[in-house]
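Sequence positions in the sequence shown follow this note's numbering and run 326 to 547.
It cannot be assumed that every hint is accurate.
As the list claims (entries may be wrong) - Below, a list of computed lysine-lysine pairs in the DSS-like style, where the Cα atoms sit at most 25 Å apart: (1) 399 to 514; (2) 366 to 345; (3) 545 to 534; (4) 534 to 442; (5) 442 to 399; (6) 399 to 366; (7) 442 to 366; (8) 366 to 343.
Derived from the structure by calculation, the hints contain no laboratory data.
All of these numbers come straight from a predicted model, not from anything done at the bench.
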Amino acid sequence: MKSYLLGSSTLSENVTKKLKSDILSGQYEPGFPLIVSELAKSFEVSVAVVREALTRLASQGLVSQNPNHGFSVKTVSEEELNSIVEARLLNESAALRQSIAHGDLTWESNVIAIHHKLSQTVEYEDVDQKQIVREEWSDIHRQFHHELISACPNQVLLDICRRLWDLSEFYRHYSVPQQSNRDGRAEHKALTDAVLTRNTDLAVDILGKHIQLTVDLVLKHR
326 MKSYLLGSST LSENVTKKLK SDILSGQYEP GFPLIVSELA KSFEVSVAVV REALTRLASQ
386 GLVSQNPNHG FSVKTVSEEE LNSIVEARLL NESAALRQSI AHGDLTWESN VIAIHHKLSQ
446 TVEYEDVDQK QIVREEWSDI HRQFHHELIS ACPNQVLLDI CRRLWDLSEF YRHYSVPQQS
506 NRDGRAEHKA LTDAVLTRNT DLAVDILGKH IQLTVDLVLK HR
């Protein structure tokens, strides 16, 4: 990987984004040690840049930092997953209600556009005889869910939703083989329709079931 000819702050941001993407896509197993010197060599950046990136990810809950053992990918637990989902249901439902109440025609158009893009994007691919979620689909899927709540005027609430989304996404990748039979397109279509018709209670109900089904599958096939 070529080093970026940029300032240390920008370098750290780029390394943070790449490591975050790799962690969320399941390229590192839970608990996997993240050796600063090895990552610095791989990214062709300084140890300080990598350490800053890992510290940022630790603050986001995706990386664990131990004074004696350095950094590692976060571990997983059923208790934490249930807590994440409970918090996500509360906060994302509230954000969706506010978004529907405040969303204008531009917001509606953006929701329609990203939903169309999501529905036309292939979700899975086979890599080494293992079915994984395509990175392109994951990115569009994130954009779709964020767009649904983007008209919410409470930025603090939106920041909380984004962080919970990342933590939830980390767990979601462990149920990939089982979710291939799930009709995600139908779920997203129903959610989009409810949002665009301003049927707030129905939209929140569909969102809640959509999120809960994901955690049920993770726990069933962990």
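Hint check results:
Distance restraint check for residue 399 and residue 514: the Cα-Cα separation of roughly 33 Å exceeds the 25 Å cut-off, and the hinted pair is therefore not satisfied. A hinted pair counts as satisfied when its Cα atoms are at most 25 Å apart, and residue 366 with residue 345 qualifies at roughly 18 Å. Simply put, residue 545 and residue 534 have alpha-carbon atoms about 16 Å apart, close enough for the 25 Å limit, and the pair holds. Under the criterion of a C-alpha separation no larger than 25 Å, the hint pairing residue 534 with residue 442 is consistent with the structure, at around 22 Å.
The straight-line distance between the Cα atoms of residue 442 and residue 399 is roughly 31 Å, outside the 25 Å bound, and the hint therefore fails. Restraint check for residue 399 and residue 366: satisfied, since their Cα atoms lie roughly 22 Å apart, inside the 25 Å limit. Proximity of residue 442 to residue 366 is assessed by CA-CA distance (about 37 Å); at most 25 Å being required, the pair is judged violated. As the CA atoms of residue 366 and residue 343 are separated by approximately 14 Å, the hinted pair is consistent with the 25 Å bound.
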